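Trainee: Protein chains in written order, with the working numbering: chain A, 1 to 232; chain B, 233 to 478.
No lab work stands behind these hints, which were simulated from the structure alone. Check each hint, because a few of them may be wrong.
[Said to hold, decoys possible] If you only want the chain A side, here are some residues facing chain B, beta carbon under 10 angstroms, derived:
id : residue
1  : 6
2  : 7
3  : 125
4  : 129
5  : 130
6  : 134
7  : 135
8  : 138
9  : 141
10 : 142
11 : 143
12 : 165
[Claimed, not checked] Chain B stretches covered by chain A per the calculated footprint, using a threshold of three residues with CB under 8 angstroms from any CB of chain A:
id : region
13 : 310 to 323
14 : 331 to 341
Bear in mind that the values here come from a model prediction, so they are computed numbers and not experimental data. Using N, Cα and C, we set each Cβ at its ideal position, and we do this for glycine too.
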Amino acid sequence: MRELIDTYGVYFLVGQYPNGPLGGLALTLLLSALALLLALPLGLALGLARLSPWRALRWPVSAFVFTVRATPLLMVVFWAYFGLPALTGYKSGQFATMLVALVVFDGAYLAEIVRAGVQGLGRGQMEAARALGLSHLQALRSVILPQALRHMLPSLVNQFVSTIKETSLGYIIGLSEVSFIASQINTQVFTKPAQVYLWLGFSYFVLCFALSRFAYWMQDRGQRRPATATPA
Amino acid sequence: MIGFERVSKWYGSYPALVEIDETIARGEVVVICGPSGSGKSTLLRTVNRLESIQAGRIRIEGRDIHAPGTDVNALRARIGFVFQQFNLFPHLTALQNCTLAPVQLGRLSRSQALEQARALLARVGLAHKADAYPAELSGGQQQRVAIARALAQQPPLMLFDEPTSALDPEMVGEVLAVIRGLAKDGMTLICVTHEMGFAREVADRVLFMDAGRVLERASPAEFFQRPQHPRAQQFLADIRLPFDAR
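Please work from the sequences and hints to get the whole structure.
Mentor: Here it is, written out as structure tokens:
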């Protein structure tokens, strides 16, 4: 194990960087972080569009969400890989391709989390806000979302953890993220697959576990003031 | 101030409101009562367009409020509405509940809104609870904050939708006392309630509804002593003898 880390440790962490493109665990981290940062606002927008009083917005977005949810991520990756170049006219890199696939896929799932979170509040809060003369958007911003986002946190974390693991599908289009690198290491070493893949699994565990602990720490901090109780 | 002209509403084929004709004068205190499902809450909610209507007209100070193109937010900003379930915003303190709309709507500066909110909380007897969150308040206190929040709109008209029905009995009095105070100050007020003692004492007029129709309109004295319509007689008999084994 020691020898394995000495020889391949740096390669596992950053790929061929700085002599080649960034890869390995660092690339996985970067891809996950960007996917989360872009998918969350997309999911929020899609989720609110699903609840919009305007049909012209609600119907196409609902159709999109249903389509994506009924599709395996692997296929979305293929679409991004083969479909995007046909659509845009130029061949995007593997990283951008994977990022687009993840953002589209997770955006649809996050949209449903947002929708459930908002609907879970019940009609009374929206009615009370509207009865004060606030517009739909004002009511969303100052009354609905501050409460709903808090309720959504566990589901959001779940989805974020999934996103981290989903980056491993980049393997299929030759993106040199950490799973791809690990399998290359395994090919070169040949005799120690158990160690190599244990190492890989442990890396994912650390990332996902750290993220969920961080999220619950944030939630604890937020709950210092009462906010979730509904009137008797 | 408010005129209902042949107002009707259906849920599918079920008639919720049937040709309501009614005029409510400025400063009048009107209590609407009737059995559950009679349409009294629905009628109240058409006044600030929480419910739509399918026929007829509702005018407030001459303006047809259900006409297409009416600014519904501007309409609601001038009408106070108090819900049965309070519907306070649980993530905001009592004070913030009362400042949210005036500040968001740009009607008051933050400091003016704070000053007004403190005054209103004092008026409903909760100055000491300004920084409490709704979850830290009793039901009666929450409903009083909800009244203060509605008053923060400086509304010429207040609507109450069964304001005491979700309260424990010992808290009903404190909420009714606040509403009584508003009535004495000359505010126009429509209240859907089952509190007949309150209706008798405070109302200028009682409307009795059943099956989407106003069956009787009378002064409280007439209504409670000599109800005319058989349904009203039955209703009053039922609520007077709640434990009678009929």
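Trainee: Against this structure, judge whether each hint is valid.
Mentor: How the hints compare with the structure:
{"no.": "1", "hint": "6", "result": "53 angstroms, violated"}
{"no.": "2", "hint": "7", "result": "54 angstroms, violated"}
{"no.": "3", "hint": "125", "result": "6 angstroms, holds"}
{"no.": "4", "hint": "129", "result": "8 angstroms, holds"}
{"no.": "5", "hint": "130", "result": "7 angstroms, holds"}
{"no.": "6", "hint": "134", "result": "6 angstroms, holds"}
{"no.": "7", "hint": "135", "result": "6 angstroms, holds"}
{"no.": "8", "hint": "138", "result": "6 angstroms, holds"}
{"no.": "9", "hint": "141", "result": "9 angstroms, holds"}
{"no.": "10", "hint": "142", "result": "6 angstroms, holds"}
{"no.": "11", "hint": "143", "result": "5 angstroms, holds"}
{"no.": "12", "hint": "165", "result": "33 angstroms, violated"}
{"no.": "13", "hint": "310 to 323", "result": "holds (count 11)"}
{"no.": "14", "hint": "331 to 341", "result": "holds (count 4)"}
The earlier numbered hints that this structure contradicts are 1, 2 and 12.
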